Amino acid sequence: MVMTTHEEKMRTVRFRVAATPHIVVNSEICRSECSVHACVYVCPANLFVPLDDGGILFNYEQCFECGTCYIACNQEGAIRWSYPDGGYGVTFRES
Amino acid sequence: MSVSSAIEQFDVIVVGAGPAGSAAALLSARAGLKVLLLERGEYPGAKNVSGAVFYGSAILNQLIPNWWEQAPVERYVTRRDIAFMSPTTAVALDFRCAGPGYATAPYNGFTVLRPKFDRWLAAQAEAAGAFLLTSTVVDDVLRDNGRIVGVRVRREQGDIYGKVVIACDGVNSFLAKKAGLQREFHPHELSLGVKEVIGLDPAIIQDRFHLTGNDGIAFEYLGAVTEDVHGGAFLYTNRDSLSLGVIGQISSLVERRKRPYELLEGFKAHPAVAPLVRGGKLREYSAHLIPESGWAMLPKLYTDGLLVAGDAAGFCLAAGLYLEGMNYAMQSGLAAAETAIAACQRGNYSARSLATYRKHLKLRHVSTDFRAYRHAPAFVNGSRLQNFYPELIARSMENLFRVDGTAKRKLLPLSYRMARQFEIRPGQLFRDVYQAARAFLW
Numbered sequence: 001m002v003m004t005t006h007e008e009k010m011r012t013v014r015f016r017v018a019a020t021p022h023i024v025v026n027s028e029i030c031r032s033e034c035s036v037h038a039c040v041y042v043c044p045a046n047l048f049v050p051l052d053d054g055g056i057l058f059n060y061e062q063c064f065e066c067g068t069c070y071i072a073c074n075q076e077g078a079i080r081w082s083y084p085d086g087g088y089g090v091t092f093r094e095s
Numbered sequence: 096m097s098v099s100s101a102i103e104q105f106d107v108i109v110v111g112a113g114p115a116g117s118a119a120a121l122l123s124a125r126a127g128l129k130v131l132l133l134e135r136g137e138y139p140g141a142k143n144v145s146g147a148v149f150y151g152s153a154i155l156n157q158l159i160p161n162w163w164e165q166a167p168v169e170r171y172v173t174r175r176d177i178a179f180m181s182p183t184t185a186v187a188l189d190f191r192c193a194g195p196g197y198a199t200a201p202y203n204g205f206t207v208l209r210p211k212f213d214r215w216l217a218a219q220a221e222a223a224g225a226f227l228l229t230s231t232v233v234d235d236v237l238r239d240n241g242r243i244v245g246v247r248v249r250r251e252q253g254d255i256y257g258k259v260v261i262a263c264d265g266v267n268s269f270l271a272k273k274a275g276l277q278r279e280f281h282p283h284e285l286s287l288g289v290k291e292v293i294g295l296d297p298a299i300i301q302d303r304f305h306l307t308g309n310d311g312i313a314f315e316y317l318g319a320v321t322e323d324v325h326g327g328a329f330l331y332t333n334r335d336s337l338s339l340g341v342i343g344q345i346s347s348l349v350e351r352r353k354r355p356y357e358l359l360e361g362f363k364a365h366p367a368v369a370p371l372v373r374g375g376k377l378r379e380y381s382a383h384l385i386p387e388s389g390w391a392m393l394p395k396l397y398t399d400g401l402l403v404a405g406d407a408a409g410f411c412l413a414a415g416l417y418l419e420g421m422n423y424a425m426q427s428g429l430a431a432a433e434t435a436i437a438a439c440q441r442g443n444y445s446a447r448s449l450a451t452y453r454k455h456l457k458l459r460h461v462s463t464d465f466r467a468y469r470h471a472p473a474f475v476n477g478s479r480l481q482n483f484y485p486e487l488i489a490r491s492m493e494n495l496f497r498v499d500g501t502a503k504r505k506l507l508p509l510s511y512r513m514a515r516q517f518e519i520r521p522g523q524l525f526r527d528v529y530q531a532a533r534a535f536l537w
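Sequence lines, in order, name chains L and C. Last residue of the first sequence? That's 95 in my numbering, and every number before it is there in order. Last residue of the second sequence? That's 537 in my numbering, and every number before it is there in order.
Treat the hints as calculated values from the structure; they're not laboratory data. Any given hint might turn out to be false.
Claimed, not checked - Short, incomplete list of chain C residues facing chain L, as computed with Cβ under 7 Å:
#  : residue
1  : Ala141
2  : Asn161
3  : Arg278
4  : Phe280
5  : Pro282
6  : His283
7  : Arg354
8  : Pro370
9  : Val372
10 : Arg533
11 : Leu536
Keep in mind that this is a model prediction, so the values were computed, not measured. No residue lacks a Cβ here, since even glycine has one placed at the ideal position from N, Cα and C.
Work out the full structure, taking the sequences as your base and the hints as a guide.
Structure follows, in structure tokens:
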């Protein structure tokens, strides 16, 4: 199948999930200072979920570690990130 | 192996086992230096994504003669297309070359799958004597009196000392920032690439793309293929799969509120692309950032005890006709190794001693190429070149070739009509022509 849903795409990617998140979102900043919520659109893994109260829920487990959210975020300190522990996170096999 | 066995001082610590890092480690190890190559992935290449066409065959051939006979390469590229797209039309510049250097050794470019290629290249560095440590994240540099003397890795007893650190830790280089060499990036300086590897029978690939053996194609697309997002798309043939993807400038994706994977689906559904991917099966989806701003985003390249190379230094040439990273990564990694080797001979690892890196980058045509094309990225990555003109060309051709019983328009009235329809202002057109000339002609 050539045309695929985002869920189908993500199922082809191998992740070794670390115990602790490597990205932390300060939802308070998203709620009070950001009206753009760029992270929701640009994340290629669709990991940022807008909440009813204006906050952002983030799931680090299927992260590509690409850095797009951090670059796109227009609010200082809303997204803090580093790399996951060695050997954890995304493991590409073909790309 | 544990880190503690490696706690004594290395001559060179290379951070990141991509093409820049493995080339640096390989050359340093061959010079007899004690080299540590650190990689945060489970294996080299596990975190790496490119299109990927590797245009550095001639460079690698100088290090490893006939390297393609032993490396995991997919196909050598003998055909390149650049297509300008409207939602329904594609107008392509079609380049095919069966001549020497394209269809014969050392070949102009190879499609590769990075997890396989990078793993092989790192193994060559290991074979040359470098010590490869995978699954190891570098969190910081170690300093002594302000001078960088090693790295701190996220492990027990994680302080590792080295005379020269070469940071090849990719586009998001935390190390270049920790060393005070790179600033934070703006969303207009980077593009996001989303990609799929789609499995397809080799016989179908040969038929569909008119290939005869291990030759391959590299297609690139501009215009409506990314809707109104600044960017482009690509499609390359591997041995038994296609690599295809969409590239979009981050600021533009944000502004247009476009989801990158939806653009990717739109690309595959375009009438000029759909027949090429038909019957394929998705094998892997991936994403990665591309440092597209060239000269404008180059960091300070060295400091006391540390050099920066590859994507970490922004050595990715995104200049319209060219989208090349791995070759510059390799060249800059080799230039960094040459600098480190000379510094070790002198016993001087100060910034002043490492300043010869500039000379080596020049000799390997890295800094000279980026300087020559310094005006290209800002121009090429704008909306007019990536969206407006390609679509204008495609739509003009639709009008030029249309036979519908009405009077044929000659080129001048047709151009006038298109200019009015697309609201082209003569002043803007003149500025674009000037910028294009400055970017590419002189």
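Hints, one by one, checked against the model:
1. Ala141: Hint holds; alanine 141(C) Cβ to chain L Cβ min 5 Å, cut 7 Å.
2. Asn161: Nearest chain L Cβ about 25 Å off; hint violated.
3. Arg278: 12 Å, violated
4. Phe280: 6 Å, holds
5. Pro282: Holds: closest Cβ of chain L sits about 5 Å from proline 282(C), inside 7 Å.
6. His283: Not OK, violated: histidine 283(C) not within 7 Å of chain L, min 10 Å.
7. Arg354: OK, holds: arginine 354(C) within 7 Å of chain L, min 6 Å.
8. Pro370: 11 Å, violated
9. Val372: 5 Å, holds
10. Arg533: Not OK, violated: arginine 533(C) not within 7 Å of chain L, min 28 Å.
11. Leu536: Status violated, d = 32 Å.
Of the hints listed earlier, those the structure fails to meet are numbers 2, 3, 6, 8, 10, 11, in rising order.
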